[in-house]
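Participant: Sequence:
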Amino acid sequence: MRIFISTGEVSGDLQGSLLITALKRQAVAIGLELEIVALGGEKMAEAGAILLGNTSSIGSMGILEGLPYVLPTLQVQRQAIASLKENPPDLVVLIDYMTPNLEIGTYMKRQLPDVPVVYYIAPQEWAWSISLRRTNRIVGFTDKLLAIFPQEARYFLERGAKVTWVGHPLVDRMQDAPSRQAARATLGIAPEEIAIALLPASRRQELKYLLPIIFQAAQTIQAKLPEVRFWIPLSLEVYRQPIEEAIERYGLRATVISGQQMEVFAAADLAISKSGTVNLELALFKVPQVVVYRLSSLTAWIARKILKGSITFASPPNLVVMKLIVPEFLQEQATPENIIQAAMELLVNPHRREQTLLDYEEMRRSLGEVGVCDRAAQEILQMRSGTGD
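In terms of this note's numbering, the sequence shown has 270 at position 165, counting the first letter as 1, and numbering is strictly consecutive.
Zero decoy hints are in this set.
Restricting the straight-line Cα-Cα distance to at most 30 Å, the calculated cross-link-like pairs of lysine-lysine (DSBU-like) are:
1) Lys129 to Lys249
2) Lys267 to Lys428
3) Lys129 to Lys148
4) Lys391 to Lys148
5) Lys214 to Lys267
6) Lys428 to Lys391
7) Lys313 to Lys391
8) Lys313 to Lys329
9) Lys190 to Lys129
10) Lys129 to Lys267
Pairwise CB distance ranges (calculated):
11) Asn454 to Ala295: 17 to 25 Å
12) Arg215 to His456: 50 to 58 Å
13) Ser284 to Ile135: 32 to 40 Å
No lab work stands behind these hints, which were simulated from the structure alone. Source: prediction; values computed, not measured. Just so you know, even glycine gets a beta-carbon here, dropped at the ideal spot from N, CA and C.
Sequences are here, hints too, so could you generate the full structure?
Facilitator: The structure is reproduced here in structure tokens:
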């Protein structure tokens, strides 16, 4: 069986790799030989996919921010469609990566309507849809939608999609998580040391818009609490140099680390992070966090005035339960002063900390039970055998 998987960015590469591992496990169980071709990144290649294009660093958020990536994205899209045309797979799995996947899904429906399309981790239309146009497109070309959030399942079901709620794949990943003690021992963190994880960037634009405000806040926190040390797990190796130069510039006691993100999360007393999937991971590790996000002021203006966009929450932990579990500061609110205040409160106020951990438990209940990737893999493999509904 030949499966084509399409995803982009760092988080898509991670989710894709977890799914590929589960697909292979399930295929062995039913005596099926699998070939997986993909748009993705290094993690998916390591899991056994043949990459048609590396998309882990082609990613942006916002209108202006996306301009440098228009050509590389179109190129990758064209490559993928040419490959689908020349050698049609038995099944297509789309993971997030909205614009390219909408094009690939639409192409499949028009040109290869007999090949089933599964959308796993659909774009978050349920959380911040401006119009139903994109939702209708997704529903139109998707034969089965595998939802990771209960609200997402409800939203797409009400709009006519065939939906199965499988739960969130990060729940599975926690099975391999180290304990706090083990993680601190591995990283050499002394018991009296306060470890703060800084997660400024998984996209190039975030080095420009988020890193300076997060590092300014870190500078002040370090001055107030001499026992603080910062840990920065790299999302992509290419960001090491700009991040290390910034550490020097701001005089931070910080360690940049590669390939040990789980250890950093397990060891951390607090995180200051960009908004994204990583916020859910931190919540599952029970790490109190402050979330920030900024786009160019022109993009923000267009979103507010022209597209009339408004979002209740940006970070996934808040979105899952539709209430403010973690402090999040967006656009003009994303200032070093606001970050410092929220971070200090989470560090020194035990009640605030306790409340965060209670809220995390409530959020965890909405993410489903362990076995998410295997459930998703079973649903996907069923589609091809005709046993799926």
